[in-house]
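Asker: My request is simple: use the sequences and hints to build the entire structure.
Chains as they are written, first to last, in the UniProt record's numbering: chain A, 1 to 214; chain B, 1 to 219.
Hints listed in this document are in silico derivations from the structure and should not be mistaken for laboratory results.
It should be emphasised that the depicted structure is a prediction, and the values quoted were computed from it without experimental measurement.
All residues carry an ideal CB built from backbone N, CA and C; glycine is no exception.
You may find that some hints are simply not true.
To be verified - Using C-beta positions, here's what the derived DEER-type ranges look like: (1) B:P190 / A:D15: 48 to 58 Å; (2) B:M189 / A:G65: 50 to 60 Å; (3) A:E6 / B:M1: 31 to 41 Å; (4) A:G114 / B:L115: 49 to 59 Å; (5) A:E115 / B:P190: 56 to 66 Å; (6) A:G114 / B:I13: 20 to 30 Å; (7) A:G65 / B:I161: 40 to 50 Å.
What the hints assert, rightly or not - For the chain A half of the interface with chain B, some residues (derived, Cβ under 8 Å), not all of them: (8) A49; (9) G50; (10) L51; (11) A73; (12) C76; (13) Y78; (14) G80; (15) N83; (16) A84; (17) M85; (18) E88; (19) F97; (20) C101; (21) F102; (22) E115; (23) E118.
What the hints assert, rightly or not - Far from chain B by the CB rule (all over 10 Å, computed), these chain A residues: (24) V32; (25) N37; (26) A60; (27) T62; (28) A87; (29) E93; (30) L128; (31) Y132; (32) N166; (33) S169; (34) V170.
Chain by chain, the residues:
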Amino acid sequence: MRLTAENLSARRGEDLIFKDISFTLGAGESLVLTGRNGSGKSTLLRTVAGLLRPETGRVAWTSDGAEAGMRAAEACHYLGHRNAMKAELSVSENLAFWKDCFGDFSGGRGISVGEAAESVGLGGITHLPFGYLSAGQQRRMAFAKLLVAWRPVWILDEPTAALDVNAESVFTTLIENHLAAGGILLAATHQPLGLQNAQELKMTGFAGVMENVW
Amino acid sequence: MTALLLRDLKLSIRSGGGALIGVLFFMTVVAVIPFGVGPDLNLLSRIGPAIVWIGALLSALLGLDRMFQTDREDGSLDLLLMQEHPLVLTVLIKCLAHWLGNGLPLVIASPLLGLFMNMSEVAIGATMLTLLVGTPALTFIGAVGAAVAVALPRGGLLVSILVLPLAIPVLIFGVSASYAAVEDPAPFMPPFLILVAITMFFAVIGPIGAALALRNTAD
Numbered sequence: 001m002r003l004t005a006e007n008l009s010a011r012r013g014e015d016l017i018f019k020d021i022s023f024t025l026g027a028g029e030s031l032v033l034t035g036r037n038g039s040g041k042s043t044l045l046r047t048v049a050g051l052l053r054p055e056t057g058r059v060a061w062t063s064d065g066a067e068a069g070m071r072a073a074e075a076c077h078y079l080g081h082r083n084a085m086k087a088e089l090s091v092s093e094n095l096a097f098w099k100d101c102f103g104d105f106s107g108g109r110g111i112s113v114g115e116a117a118e119s120v121g122l123g124g125i126t127h128l129p130f131g132y133l134s135a136g137q138q139r140r141m142a143f144a145k146l147l148v149a150w151r152p153v154w155i156l157d158e159p160t161a162a163l164d165v166n167a168e169s170v171f172t173t174l175i176e177n178h179l180a181a182g183g184i185l186l187a188a189t190h191q192p193l194g195l196q197n198a199q200e201l202k203m204t205g206f207a208g209v210m211e212n213v214w
Numbered sequence: 001m002t003a004l005l006l007r008d009l010k011l012s013i014r015s016g017g018g019a020l021i022g023v024l025f026f027m028t029v030v031a032v033i034p035f036g037v038g039p040d041l042n043l044l045s046r047i048g049p050a051i052v053w054i055g056a057l058l059s060a061l062l063g064l065d066r067m068f069q070t071d072r073e074d075g076s077l078d079l080l081l082m083q084e085h086p087l088v089l090t091v092l093i094k095c096l097a098h099w100l101g102n103g104l105p106l107v108i109a110s111p112l113l114g115l116f117m118n119m120s121e122v123a124i125g126a127t128m129l130t131l132l133v134g135t136p137a138l139t140f141i142g143a144v145g146a147a148v149a150v151a152l153p154r155g156g157l158l159v160s161i162l163v164l165p166l167a168i169p170v171l172i173f174g175v176s177a178s179y180a181a182v183e184d185p186a187p188f189m190p191p192f193l194i195l196v197a198i199t200m201f202f203a204v205i206g207p208i209g210a211a212l213a214l215r216n217t218a219d
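Answerer: Here is the structure:
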């Protein structure tokens with residue numbers, strides 16, 4: 001089970017944001033992207049998730065059960081800046097929809113909607129419309145979405161934005177459990193997630209490309 | 001996939017969904033015509049099918065731009081794009097949900113508006129039938145426009161303008177089939193079957209085009 005990126009480079013408009021990034025992540029490994037604002041962390045994550053077409057290079061997913069020609073994105077959960085939940089629907093409706101829509105990837109199983117809400121510490125409020133929750137609660141529920149269906153790779157873009165200290169430790173525990181279960185983590189963050197043995201990739205952005213510091 | 005259909009249907013009837021807005025707009029447009037045209041019953045019944053069809057076309061255009069935009073704004077679209085199911089199928093399901101939420105209410109409301117226009121029973125039935133067959137085509141054509149304009153804020157008017165030329169054939173054959181049902185020499189079946197063909201054609205082309213546009217949206 002391996003997520004491989006080869007010679008990735010990506011462009012936003014005219015500007016090359018990064019070039020020739022390669023990495024390989026196996027089961028239980030994690031890569032944390034750091035760097036100042038605008039250094040291309042989100043762009044790299046969106047490229048790996050298949051939401052941006054890379055200028056050069058490719059992202060590949062290899063495992064025993066994988067069919068040839070499968071997109072790497074199918075093995076990934078992506079938690080971006082936006083929560084991908086509908087304010088008009090209740091939390092449980094939102095989570096149940098995503099559970100159904102995602103389906104389980106081979107090699108694992110998601111937990112039920114109730115359990116997922118419990119594990120992010122918000123068990124009692126799944127009947128409320130998502131729009132009623134506070135920003136931090138919304139972020140927690142968006143994180144619960146990762147638990148309802150199994151995906152080996154988690155791609156998290158600033159997962160701890162708008163969160164209190166308690167929630168950060170909850171997230172760290174959940175991420176560690178995921179890694180222990182053979183998952184892969186790719187995260188961009190400003191706060192340290194407190195993970196053991198995480199590899200770190202420092203992004204320098206457009207300026208780095210210009211100065212050829214890669 | 002049923003989950004997506006149910007979710008979109010729920011969203012269309014909850015606050016801000018816009019299903020009711022379309023019907024209300026349809027009723028408003030058609031209901032003011034008799035006041036503008038005056039109490040000439042023969043004239044009203046003669047222009048009735050055309051007015052009902054134009055009203056339905058305009059109301060169908062009204063909600064189109066939100067088809068993918070709401071999903072894009074909250075990030076759901078990203079996740080839908082990443083899934084294993086073919087994107088064409090996802091778009092098709094979203095079109096179906098959109099039609100059930102926005103198109104079908106127009107069809108159901110049309111007999112009432114037929115009464116406003118002093119149309120005969122046959123004309124009302126024919127208009128309702130042609131709307132039932134023709135409005136899905138409007139949704140499928142609209143899906144392409146909505147997908148192209150998904151990244152544009154305030155893309156609503158642009159979607160309508162993009163879509164309108166392609167929607168004209170639907171209007172022409174829908175109205176001519178409705179007229180053919182009441183006016184004797186003209187046969188009903190040929191324009192009606194062409195309308196069916198247009199709908200089936202766009203049911204295939206529309207989702208493919210929309211899926212292509214969504215895949216290539218720059219952000």
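Asker: Indicate, hint by hint, whether the structure satisfies it.
Answerer: We went through each hint and held it up to the structure:
1. B:P190 / A:D15: 48 to 58 Å: Distance hint for P190 of chain B, D15 of chain A holds at roughly 57 Å.
2. B:M189 / A:G65: 50 to 60 Å: holds, 53 Å
3. A:E6 / B:M1: 31 to 41 Å: 33 Å Cβ-Cβ, so the 31 to 41 Å window holds.
4. A:G114 / B:L115: 49 to 59 Å: holds, 51 Å
5. A:E115 / B:P190: 56 to 66 Å: holds, 59 Å
6. A:G114 / B:I13: 20 to 30 Å: holds, 26 Å
7. A:G65 / B:I161: 40 to 50 Å: holds, 48 Å
8. A49: Status holds, d = 6 Å.
9. G50: Given a least distance of 6 Å, the restraint on G50 of chain A holds.
10. L51: holds, 5 Å
11. A73: Holds, about 4 Å.
12. C76: This hint holds: C76 of chain A lies near chain B, its Cβ roughly 6 Å from the closest one there, short of 8 Å.
13. Y78: holds, 6 Å
14. G80: holds, 5 Å
15. N83: Check passed: Cβ of N83 of chain A comes within 6 Å of chain B, closer than 8 Å.
16. A84: Hint holds; A84 of chain A Cβ to chain B Cβ min 4 Å, cut 8 Å.
17. M85: holds, 7 Å
18. E88: Cβ of E88 of chain A sits 4 Å from chain B, so the hint holds.
19. F97: Holds - the Cβ of F97 of chain A comes within 8 Å of chain B, reaching about 5 Å at its closest.
20. C101: holds, 5 Å
21. F102: holds, 7 Å
22. E115: violated, 19 Å
23. E118: violated, 22 Å
24. V32: holds, 21 Å
25. N37: Consistent with the label, N37 of chain A stays out of reach of chain B, its closest Cβ about 17 Å off (over 10 Å).
26. A60: holds, 15 Å
27. T62: holds, 17 Å
28. A87: violated, 8 Å
29. E93: violated, 7 Å
30. L128: Label holds. Min Cβ-Cβ 14 Å, cutoff 10 Å.
31. Y132: Consistent with the label, Y132 of chain A stays out of reach of chain B, its closest Cβ about 13 Å off (over 10 Å).
32. N166: holds, 25 Å
33. S169: Non-interface label stands for S169 of chain A: nearest chain B Cβ at 25 Å, farther than 10 Å.
34. V170: Check passes; 22 Å lies beyond 10 Å.
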